Amino acid sequence: MQKHQYEVVVVGAGGAGLTAALYASHKASTAVISKLYPTRSHTGAAQGGIGAALGNTEEDHPEWHAFDTVKGSDYLGDQEAIDFMADEAVDAVYELEHMGLPFSRNPDGTIAQRPFGGHTNNETGKPVRRACYAADRTGHMILQTLFQQSIKNKVRFFDEFYVLDLLIVDGKTAGVIALELATGEMHIFHSKTVIIATGGHGRVWEITSNAYSYTGDGVALTLRRGIPAEDMEFFQFHPTGIYRMGILITEGVRGEGGVLINGEGERFMERYAPTVKDLASRDVISRAMYLEMKDGRGIDGKRYLHMDVTPEVVNHYADVDGRKNPDGSPYRVTASDILNKLPDIIDFCETYIGINPISDPMPVQPTAHYAMGGIPTNKFGEVVVDEKNTILPGLYAAGEVACVSVHGANRLGTNALLDLIIFGKYSGLKAAEYSASEPYLDLPKEPEAFAMQQLDSIRQSKGNERMIDIAAEMKQVMFDHVGVFRVEEGMQQAVDKVRELKERFKEITIDDKGLKFNNNLIEAWELSNLIDIAEVTAVSALARTESRGAHSRDDYSERDDKNWLKHTLAWMENGGVRLGYKPVQITKYKPKARAY
Amino acid sequence: MQVTLKIFRYNPEDGRKKHYDTFTLDADPTDRILDLLEQIKGSEDGTLGFRRACAHGVCGSDAIRINGVNRLACKVLVQDLKSRKVTIEPILGLPIEKDLIINMEPFFDHYRSVMPYFVNDDPPPSKERLQSPEDRERFDDTTKCILCAACSTSCPSYWVNEEYVGPAAIVNAHRFIFDNRDQAASERLEILNEQFGVYRCHTIFNCTDACPRDIQVTQAIGEVKKAIVNGRLD
Amino acid sequence: MALSRKVGLIAGAKYKGGGPMLSWVLHRISGLGIIIFVTLHVIASFLTQQLGSDLGIFVNTIYESIYFQLFIVFCAIFHGVNGFRIILLDIWPRLIRYQKESTWIEWFVIVPLYGLIVFIMIQRFLQG
Amino acid sequence: MRSRVMPKPSWNLEYLMWVFTRLSGLSIILFVVIGISAGLLMGARTQMDLGTLMRWGFFPNPNHVLDSDIPDLFLWTNGFWQVMQILVVFFAATHGFNGLRVVLEDYSSPGFWQVFTRFLIFLLWIFSTLVGIYVIISS
Chain B
0 MQKHQYEVVV
10 VGAGGAGLTA
20 ALYASHKAST
30 AVISKLYPTR
40 SHTGAAQGGI
50 GAALGNTEED
60 HPEWHAFDTV
70 KGSDYLGDQE
80 AIDFMADEAV
90 DAVYELEHMG
100 LPFSRNPDGT
110 IAQRPFGGHT
120 NNETGKPVRR
130 ACYAADRTGH
140 MILQTLFQQS
150 IKNKVRFFDE
160 FYVLDLLIVD
170 GKTAGVIALE
180 LATGEMHIFH
190 SKTVIIATGG
200 HGRVWEITSN
210 AYSYTGDGVA
220 LTLRRGIPAE
230 DMEFFQFHPT
240 GIYRMGILIT
250 EGVRGEGGVL
260 INGEGERFME
270 RYAPTVKDLA
280 SRDVISRAMY
290 LEMKDGRGID
300 GKRYLHMDVT
310 PEVVNHYADV
320 DGRKNPDGSP
330 YRVTASDILN
340 KLPDIIDFCE
350 TYIGINPISD
360 PMPVQPTAHY
370 AMGGIPTNKF
380 GEVVVDEKNT
390 ILPGLYAAGE
400 VACVSVHGAN
410 RLGTNALLDL
420 IIFGKYSGLK
430 AAEYSASEPY
440 LDLPKEPEAF
450 AMQQLDSIRQ
460 SKGNERMIDI
470 AAEMKQVMFD
480 HVGVFRVEEG
490 MQQAVDKVRE
500 LKERFKEITI
510 DDKGLKFNNN
520 LIEAWELSNL
530 IDIAEVTAVS
540 ALARTESRGA
550 HSRDDYSERD
560 DKNWLKHTLA
570 WMENGGVRLG
580 YKPVQITKYK
590 PKARAY
Chain W
0 MQVTLKIFRY
10 NPEDGRKKHY
20 DTFTLDADPT
30 DRILDLLEQI
40 KGSEDGTLGF
50 RRACAHGVCG
60 SDAIRINGVN
70 RLACKVLVQD
80 LKSRKVTIEP
90 ILGLPIEKDL
100 IINMEPFFDH
110 YRSVMPYFVN
120 DDPPPSKERL
130 QSPEDRERFD
140 DTTKCILCAA
150 CSTSCPSYWV
160 NEEYVGPAAI
170 VNAHRFIFDN
180 RDQAASERLE
190 ILNEQFGVYR
200 CHTIFNCTDA
210 CPRDIQVTQA
220 IGEVKKAIVN
230 GRLD
Chain Z
0 MALSRKVGLI
10 AGAKYKGGGP
20 MLSWVLHRIS
30 GLGIIIFVTL
40 HVIASFLTQQ
50 LGSDLGIFVN
60 TIYESIYFQL
70 FIVFCAIFHG
80 VNGFRIILLD
90 IWPRLIRYQK
100 ESTWIEWFVI
110 VPLYGLIVFI
120 MIQRFLQG
Chain D
0 MRSRVMPKPS
10 WNLEYLMWVF
20 TRLSGLSIIL
30 FVVIGISAGL
40 LMGARTQMDL
50 GTLMRWGFFP
60 NPNHVLDSDI
70 PDLFLWTNGF
80 WQVMQILVVF
90 FAATHGFNGL
100 RVVLEDYSSP
110 GFWQVFTRFL
120 IFLLWIFSTL
130 VGIYVIISS
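Each protein sequence line maps, in turn, to chains B, W, Z and D.
The letter at position 245 of the first sequence is residue 244 when you use numbering that gives the first Met the number 0, and the numbering goes up by one with no holes.
The letter at position 191 of the second sequence is residue 190 when you use numbering that gives the first Met the number 0, and the numbering goes up by one with no holes.
The letter at position 44 of the third sequence is residue 43 when you use numbering that gives the first Met the number 0, and the numbering goes up by one with no holes.
The letter at position 92 of the fourth sequence is residue 91 when you use numbering that gives the first Met the number 0, and the numbering goes up by one with no holes.
In short, the hints are calculated from the structure, not lab data.
Since this is a predicted model, take the numbers as computed values, not measurements.
Fair warning: there could be bad hints in the mix.
What the hints assert, rightly or not - Quick list of simulated restraints, FRET-style, between CB atoms:
no., chain 1, residue 1, chain 2, residue 2, range
1, Z, Val24, W, Glu162, 16 to 26 Å
2, W, Glu193, B, Arg155, 20 to 30 Å
3, D, Ile125, Z, Val117, 34 to 44 Å
4, D, Leu86, W, Tyr19, 50 to 60 Å
5, W, Glu193, B, Lys444, 45 to 55 Å
What the hints assert, rightly or not - Sample of chain W residues lacking proximity to chain Z, with all beta carbon distances greater than 10 Å (derived):
no., residue
6, Thr3
7, Leu76
8, Asn205
9, Thr217
Said to hold, decoys possible - Partner residues aside, some chain D positions facing chain Z, computed with beta carbon under 7 Å:
no., residue
10, Arg21
11, Ile28
12, Leu99
13, Pro109
14, Val130
For glycine and all other residues, C-beta sits at the position ideal for the given N, C-alpha and C.
Produce the complete structure using the sequences and hints provided.
Have a look at this one:
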């Protein structure tokens with residue numbers, strides 16, 4: 000048992016965690032605890048771009064960005080926070096550039112921007128170039144740049160430490176308990192503040208673009224400590240994942256002019272979103288794809304469609320749409336443009352499905368992608384724990400794990416990276432500010448007892464269940480019934496199934512009894528997190544009797560602003576889930592029908 | 000189809016010497032080696048230790064030796080292999096912790112030693128620093144590095160010399176040396192102009208072959224050498 | 000093996016590097032071959048000439064053996080051609096992209112050159 | 000901008016020897032080509048066997064190929080060719096012994112043994128260079 004004392008402890012070392020640590024470390028002693036080496040974080044898999052209304056190639060304004068985000072969120076996003084994010088976005092991107100981030104460039108040397116789903120010119124309704132990108136590796140560049148800057152600023156890292164428990168004393172944050180993977184030893188991190196930045200939980204679903212490590216550790220951790228989870232029913236399915244594997248094909252492909260084609264060779268998005276077509280927001284496209292496949296218009300009747308970015312097709316539809324370059328000439332691409340702008344996508348397709356996207360269309364299906372919901376916070380990253388937005392002192396959350404909520408019911412592409420940087424920054428600043436004035440709290444006796452007890456119950460369990468089966472059944476039922484389309488009966492089935500799995504989980508056996516790098520044990524712990532999250536997600540979804548954003552139901556197909564313009568809060572209590580609701584902050588933009 | 004995996008095993012806790020375990024399992028031609036490892040860990044032997052995260056070649060967790068060469072387990076499919084027998088070993092040149100898990104600390108120490116971060120002490124402009132697409136292109140190749148260590152641990156010089164910074168560190172130095180916004184190129188070149196800098200590179204090209212991101216590692220090192228010798232960046 | 004990083008010769012040799020790795024190994028072997036021989040030769044000749052030692056004569060008989068000459072000629076040619084390739088790549092790092100081709104070209108030069116020399120040497124040897 | 004003005008690289012041993020290795024490698028190839036061509040021009044084509052010619056090429060000194068009967072052999076003893084020979088010896092010995100040092104130092108860390116082996120190699124280098132020059136001058 001080792002003890003460490005830091006004013007600020009950041010849990011997770013992805014985009015949000017590293018940004019928070021960078022800002023906090025200027026003013027407070029800071030430690031970053033991460034179950035992975037920082038550069039393994041899933042931020043690195045983000046491809047298309049980070050949204051900011053720089054207006055480098057055409058007119059754009061933060062207000063437009065804010066409105067697009069509100070509209071994209073299906074009016075469930077908190078508008079004050081959204082305004083804040085869209086305003087901060089421009090400076091945030093410049094700040095990243097000043098940190099050395101190698102953005103792709105326009106011929107005049109400014110940061111290059113591309114169109115992305117749901118981002119529009121508010122006057123014409125046409126797509127606008129707002130996503131600042133570095134080829135199709137924007138997330139990779141952000142993660143690397145932040146990691147590099149953390150090295151420069153000598154941030155203290157605890158790599159491959161798995162946080163098991165959050166310590167709360169008298170309603171205030173006091174630290175975390177972590178397991179050092181390399182030795183199996185417990186560490187107590189005594190701190191004034193904790194910033195949770197552990198990312199999402201896409202591994203709940205069968206087909207997902209998310210990393211193995213995306214197991215909802217942060218949300219599960221806080222749920223166990225009586226902190227609610229907000230809007231968990233809203234989980235984004237990205238329209239274009241590689242068929243059966245789920246590996247992401249960035250929306251940037253459509254930004255560069257790629258189109259979705261169904262089994263009849265038709266560009267079906269014209270029917271669902273006549274103005275922006277393939278650049279509608281993600282929930283709209285995923286739903287359209289689902290409907291196409293349901294009606295038997297998948298490729299060869301199977302459950303996938305084609306994403307076509309071959310130059311002939313792109314140029315053809317650019318003509319049809321009348322798309323122009325910034326200088327007014329007709330939009331044209333060549334094979335080498337595609338290669339330069341989407342090198343990684345081409346590499347993925349060649350590696351995994353043996354297809355070269357420059358000459359052949361890619362088989363795609365919707366893939367579980369992003370958690371809009373998570374730990375409820377305000378716009379400074381401070382965790383709020385009830386319907387009245389009461390702050391829990393010293394606890395912060397940022398990134399995908401948090402629900403500010405700027406994404407509401409559906410996140411726009413490029414806003415995730417923005418979310419990381421901005422709310423990471425402010426939670427870091429706020430945490431440093433808080434720790435400057437507050438003392439360390441006394442730790443309880445045996446602070447590790449709660450974590451130890453849970454860990455031992457997994458370690459010593461002697462049943463016959465294998466993790467791989469439980470995980471597979473959970474992923475299956477969640478993908479089938481709490482996926483792109485949902486109905487009462489299916490969701491009920493999912494709730495029942497997940498509860499059954501929760502019981503069966505108590506009977507699992509793990510092969511590895513050792514201490515050193517006991518990944519077997521950690522995976523069991525992660526699975527228990529996933530099951531908790533699946534349950535909260537399914538229960539929250541079942542209760543919401545409307546269709547909004549990513550939560551779309553066959554049995555309640557309309558948005559119901561009268562009853563459901565509110566955030567869900569879910570507590571885990573007495574082995575079940577208790578739901579509560581809090582209002583949505585609406586300032587400038589009154590809810591109206593959403594069409595693209 | 001049936002695939003046989005011969006996997007290197009070593010666990011300091013079980014008292015056994017290093018050895019190989021053989022597993023035979025059903026696989027699709029399009030399965031990744033990582034999928035097979037997951038399958039073994041899930042249904043046959045939960046004690047098997049290996050790292051993984053993103054599973055599509057962008058995080059760099061799962062660099063291992065597959066049939067004698069460094070690869071990412073998530074970027075090699077069963078159909079890419081010539082035989083149905085696969086030998087899986089940890090990468091060379093870093094201390095083995097457990098099975099396929101190696102200690103990455105020496106690798107990151109080398110990485111940190113070359114100032115792998117952007118340095119520009121001038122007050123930043125209110126907007127972005129301008130950079131032409133050509134200047135951006137100059138160092139594009141080396142920005143792709145994911146720090147998986149496949150290159151360094153394929154390098155015979157790195158295997159035998161604990162001081163040599165290794166290809167990965169030089170690649171990351173190259174990324175900043177040739178970024179015309181950066182101001183610390185000369186310091187980095189000074190660091191690499193040492194006995195254990197670029198001079199331990201003997202153009203063996205194992206690194207270029209091993210790189211899962213297709214970075215021209217040896218070329219990057221060559222460009223750094225040339226910059227040192229010429230005293231100029233072009 | 001716990002915390003040592005060093006890789007043994009056998010473990011290293013089992014790594015399946017490509018043609019350039021072979022070239023590197025041969026460059027080392029040929030370079031060492033040449034230098035060990037030349038040093039011995041110089042020392043031995045010096046001793047023989049200046050002190051009349053028999054050791055030098057013995058070393059020089061190795062030198063005159065056809066097998067040894069075949070070996071040392073290979074060393075010289077390989078070391079020269081491969082060294083030339085490396086120098087070219089060092090001068091123009093952009094050519095490194097074509098390293099696979101460069102390795103092939105190297106063998107296209109070495110094999111005929113060495114083959115011709117071997118042919119002549121063996122012919123002479125057989126003629127006595 | 001600061002970065003674009005490069006300071007002169009510090010001239011340490013590794014740097015100098017790296018450059019020298021490349022230059023000397025190229026010049027040895029050049030000298031050998033000259034030596035062999037000149038030898039052929041001077042009648043070696045018909046009067047020298049291949050082995051001797053090679054030996055000649057690498058060390059064009061009459062003493063080194065005494066057993067041949069090239070009539071023009073003594074052309075090589077003039078001052079110009081002696082300087083050429085000395086250069087060959089210097090380049091080859093330095094290239095070779097530095098190569099030996101590089102190989103050994105690939106496998107060693109700074110410390111006593113590195114200093115010791117460097118010293119040993121230095122002695123060998125001095126010795127063989129001096130012997131070579133002695134042979135050239137005295138023949």
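Tested hints:
For Z/Val24 and W/Glu162, the hinted distance range of 16 to 26 Å is satisfied, since their beta carbons lie about 22 Å from each other. A hinted range of 20 to 30 Å holds for the C-beta pair W/Glu193 and B/Arg155, which are about 28 Å apart. One distance hint, 34 to 44 Å for the beta-carbon pair D/Ile125 and Z/Val117, holds here, with the actual separation near 36 Å. Hint check: D/Leu86 to W/Tyr19, Cβ distance near 56 Å, so the stated range 50 to 60 Å holds.
For W/Glu193 and B/Lys444, the Cβ-Cβ distance of about 53 Å falls inside the hinted range of 45 to 55 Å, so the restraint holds. For W/Thr3, the condition that its CB be more than 10 Å from all CB atoms of chain Z holds, with the nearest at approximately 19 Å. Look at W/Leu76: its CB is around 18 Å from the nearest CB on chain Z, clear of 10 Å, so calling it non-interface holds up. Listed as a non-interface residue, W/Asn205 fails to keep its Cβ farther than 10 Å from every Cβ of chain Z; the least gap is roughly 4 Å.
With a cut of 10 Å on Cβ distances, W/Thr217 falls inside the contact zone with chain Z, its closest approach being about 5 Å. Among the interface hints, the one on D/Arg21 holds; its C-beta lies about 5 Å from the nearest C-beta in chain Z, closer than the 7 Å criterion. Because the beta carbon of D/Ile28 sits about 6 Å from the nearest beta carbon in chain Z, less than 7 Å, this interface hint is met. Using the Cβ-Cβ criterion of 7 Å, the hint placing D/Leu99 at the interface with chain Z is satisfied: the shortest such distance is roughly 6 Å.
Violation of the interface hint for D/Pro109 is found here, the shortest Cβ-Cβ separation to chain Z being roughly 16 Å, above the 7 Å cut-off. At a threshold of 7 Å, the smallest CB-CB gap from D/Val130 to chain Z is about 5 Å, leaving the interface hint in force.
Comparing the model with each earlier hint shows violations of hints 8, 9, 13; every other hint is respected.
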